[in-house]
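A.B. asks: Sequence:
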Amino acid sequence: MLQEPLSRAIHIVRWVALAVVVGSISGVLSAAFIESLNWATDTRTEHTWIVWLLPVAGLIVGLSYHYLGRGLERGSNLLIDEVHSHSEWIPFRLTPLIFGASVISHLAGGSTGREGAALQLAAGATDPISKRLGFEPADRSIMLVTAIAGAFGSVFGVPFAGAVFALEVQRVGRIRYEALVPAFVASFVGDAVVRGLGVHHTLYPRMININWTPTTALRVVLFGLIAGVIALAFVRLTHFIKNTMKKYINWYPARPLVGGVVLAILIVACGWRDYQGLSVPIMLNAMNGGTSGHFEIKLLLTALTIGSGFVGGEVIPLFVMGALAGATFANVIGANVAVFAMVGSVAVLAGAANTPLACALLGIELFGGNGAILFA
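Quick note: the sequence shown uses my numbering, first residue 24, plus one each step.
In short, the hints are calculated from the structure, not lab data.
Ranges between beta-carbon positions, derived for each pair:
| # | residue 1 | residue 2 | range |
| --- | --- | --- | --- |
| 1 | N234 | W112 | 52 to 58 Å |
| 2 | P228 | A161 | 38 to 44 Å |
| 3 | R229 | C293 | 30 to 36 Å |
| 4 | A215 | G123 | 22 to 28 Å |
| 5 | G391 | N273 | 46 to 52 Å |
| 6 | T267 | G157 | 40 to 46 Å |
Glycine included, C-beta positions come from ideal geometry on N, C-alpha and C.
Construct the entire structure; sequences and hints are all you get.
C.D. replies: Put into structure tokens, the structure is as follows:
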């Protein structure tokens with residue numbers, strides 16, 4: 024009679040312990056990654072001539088993946104596919120590869136993010152553990168989901184959203200609910216490790232109290248449709264650039280090299296330096312009521328950066344696009360710029376990532392509960 028409850032208890036304790044380990048690994052990697060990207064951003068900002076090294080950076084990234092990362096260029100999609108397909112183990116070399124390539128991409132000035140890279144850092148470090156422990160496919164899937172949760176929660180500083188994102192980002196209808204507890208444990212542990220190491224996340228403004236009226240609802244719905252179009256445009260343009268590069272440039276390392284040339288010329292000739300890297304300052308400016316900034320520029324540069332073969336991630340760039348688009352929309356209709364910048368950041372990300380629940384929680388964790396209805 025007692026055997027089954029005891030077995031379940033042991034099973035839960037086992038996964039909680041593993042989740043603590045995975046969360047700790049994710050937190051340490053995220054902390055090191057955040058600090059490295061901060062250094063890259065500061066260095067690039069101080070030495071503006073570095074932008075001309077984008078072609079060189081592209082070649083280095085391309086060569087690294089060509090010789091050391093064959094099959095790994097699929098990025099975060101590889102992790103999500105492996106949760107279900109179990110076709111190949113994710114090698115440890117992915118961790119140093121994506122770490123170095125992302126820092127180089129940011130240092131030179133590519134318009135890219137960091138969350139996607141953080142997921143790969145954690146997966147590359149934890150999947151070999153599953154292999155060493157001889158995990159069956161089902162247990163390996165839980166470990167991968169746990170790693171994704173620990174990485175997202177720790178690199179963004181949003182433990183609730185991190186856990187839900189890891190569960191929700193999987194293929195529709197195939198969510199592994201048995202990973203629920205490990206995902207939450209890893210996400211909270213990862214976030215605690217980052218904060219415990221003294222690494223600071225971006226401080227976002229808080230959402231004001233909203234006077235909910237039919238006009239407000241109509242405006243939010245209308246902008247939601249616009250946000251969906253922006254997300255779709257980004258996804259389509261990124262795929263178009265990627266496919267075009269693949270069609271006309273056979274040698275993989277030459278693709279980010281060519282992309283680097285185009286990026287450097289556009290950034291310098293058009294004065295688009297504010298759109299390099301994460302572009303957090305222009306995003307925060309919009310969220311604090313400023314109206315300067317063009318989402319279409321961030322969209323173009325990010326699609327070109329990712330599509331040509333640079334790495335890093337898309338979450339923060341999508342956040343920036345949404346914030347700038349929301350600010351522009353609010354300015355046109357005479358609404359509160361800060362409110363729509365915050366709503367826009369969440370809406371565009373949700374549209375591109377197809378994770379509405381996680382993005383709603385993300386908005387609440389970053390901007391406060393006053394915008395809960397808007398984010399939902």
